[in-house]
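Protein chains: 2
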Amino acid sequence: MEKLKCIVSYDGSQFSGFQIQPHKRTVQAEVEEALKRMHKGQAIRIHSSGRTDKGVHARGQVFHYETSLHIPAARWEKALQALLPNDIEIIEVTSVSASFHARFDAVEKEYRYYILNRDKRDVFTRNYMYFERDKLNMEKLVAACKQFEGTHDFTTFSSARASVKGSRVRTLHEVNATKTDDVIEIIFRGDGFLYHMVRIITGVILDVAKGKLMPSDIESLFKAKNREKVGMTMPPEGLYLWHVTYKEND
Amino acid sequence: MEKLKCIVSYDGSQFSGFQIQPHKRTVQAEVEEALKRMHKGQAIRIHSSGRTDKGVHARGQVFHYETSLHIPAARWEKALQALLPNDIEIIEVTSVSASFHARFDAVEKEYRYYILNRDKRDVFTRNYMYFERDKLNMEKLVAACKQFEGTHDFTTFSSARASVKGSRVRTLHEVNATKTDDVIEIIFRGDGFLYHMVRIITGVILDVAKGKLMPSDIESLFKAKNREKVGMTMPPEGLYLWHVTYKEND
Chain A
21 MEKLKCIVSY DGSQFSGFQI QPHKRTVQAE VEEALKRMHK GQAIRIHSSG RTDKGVHARG
81 QVFHYETSLH IPAARWEKAL QALLPNDIEI IEVTSVSASF HARFDAVEKE YRYYILNRDK
141 RDVFTRNYMY FERDKLNMEK LVAACKQFEG THDFTTFSSA RASVKGSRVR TLHEVNATKT
201 DDVIEIIFRG DGFLYHMVRI ITGVILDVAK GKLMPSDIES LFKAKNREKV GMTMPPEGLY
261 LWHVTYKEND
Chain B
21 MEKLKCIVSY DGSQFSGFQI QPHKRTVQAE VEEALKRMHK GQAIRIHSSG RTDKGVHARG
81 QVFHYETSLH IPAARWEKAL QALLPNDIEI IEVTSVSASF HARFDAVEKE YRYYILNRDK
141 RDVFTRNYMY FERDKLNMEK LVAACKQFEG THDFTTFSSA RASVKGSRVR TLHEVNATKT
201 DDVIEIIFRG DGFLYHMVRI ITGVILDVAK GKLMPSDIES LFKAKNREKV GMTMPPEGLY
261 LWHVTYKEND
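One line per chain: the protein sequences are A and B, in this order.
Using my numbering, read the first sequence as starting at 21 and increasing by one per residue.
Using my numbering, read the second sequence as starting at 21 and increasing by one per residue.
If you are wondering where the hints come from, they were derived from the structure by calculation, not from laboratory data.
Source: prediction; values computed, not measured.
Among the hints, erroneous ones may be present.
One copy or two, it doesn't matter: identical chains are merged, so the pair holds either way.
Derived lysine-lysine pairs resembling BS3-like cross-links, with alpha carbons at most 25 Å apart [what the hints assert, rightly or not]:
#1 K98 / K140
#2 K185 / K245
#3 K185 / K56
#4 K74 / K166
#5 K23 / K185
#6 K98 / K230
#7 K74 / K267
#8 K98 / K155
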């Protein structure tokens, strides 16, 4: 058996998320179906770095799988792509050691959230950016980002529905935002993310950028450890799983 | 009765083109249905600057219609938008003189064609740009563009199926291309365009950029007046009706 690591990009707008679910179109189901066809009907399970929700996109999602087929890693990319729909794109397939695990070996993940901030909606980006008509103050927006950097208990900023066993302490290595024309890009790099964490934090960052909250309010929100203290979970169309980083020896 | 001029943007990827057709989802059908609802069941016909084909996009398509409703032009935009799907966006509605006609009064149209020129496909732009893996030489590409400027008989560069009564002579005021990162934008501005003309010309421009044709070959292609002398009609996803210009007094 050989273990392969695959980097994949997908347009989440037509998927009910990454993870396989009965009677739903999911990325995992499409990839496993393609692998099953390559393995002459044998079911092959893939293991991802983590789920993405309905409507969330990926530039660099990672999964691994094991195979008995003797295909050079470089050929897997085209072989798999040929059996996949055009909203999934295989970026790279590489051979990895038997101990590699796409989820447990990830040392950092990067997410990005895109916002179109202008008066008029845009039909061409409606599934790829969040549309915000209210004027966002970039200075306040960046100041809010910085409040989330470092090691914190993110209970306030994760879904109360999430059944996390253990700590909700995570470390964000970078939270930053830039604006190019009408598009705001917010980057989140961290050692781990709780359920809905990026989308809830982005909502708070926008509240600061609109003047509804002060950047200094964020410290007391962390202390409250209560999801109900903050606003809405931002919609999925602006969110991208951008990159997953692994230990060097992988 | 009041006559209104409407500028509209649409994502062509989920439409069978602009023009109404039985049992097909078209832009005209969606807009006329919205107008019918506003007019309590009365059918309202819209008249566009011209059709766009299945899959072709618009940033600035124009149509006109007549109404007996007493709504200020500025309110029409929101009223109409509220009844339209989110792949159609009303940009502007203005009151025009009774003699205005969206098709016959147009003095210039601008189309743009977008090409993603790199090794890897991109899931996020698959419906919005043509993907070209072959390396395109920009110097040759721009030189080819320039061959199409001016007044010519465009018979070779229009669909043989088009039933054009009268002349196939048109004047292109500008044909030019620029590249930003991996994206090539080709702009066409002219007094009129024949069926498939932009898509056929773009195919020839790419043949020059790939070294299959010389820019100087284009002159003899014009003279041949034969559609069969040139290559494929480029696919619709890269094409945008960008802007329609009217006489100043409109």
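So, going through the hints one by one against the coordinates:
1. K98 / K140: Answer is between; shortest inter-copy Cα gap is 11 Å, intra-copy 40 Å.
2. K185 / K245: Classified as within: same-chain Cα gap 16 Å, cross-chain 74 Å, threshold 25 Å.
3. K185 / K56: neither (33 Å within a copy, 56 Å between copies)
4. K74 / K166: For K74 and K166, the Cα distance exceeds 25 Å both inside one copy (28 Å) and across copies (46 Å).
5. K23 / K185: neither (29 Å within a copy, 65 Å between copies)
6. K98 / K230: Classified as between; 24 Å across copies, 46 Å inside a copy.
7. K74 / K267: Neither: 29 Å inside a copy, 48 Å across copies.
8. K98 / K155: Answer is between: at 20 Å across copies they meet the 25 Å cutoff, but 45 Å inside does not.
Of the numbered hints stated above, those contradicted by the structure are hints 3, 4, 5 and 7, listed in ascending order.
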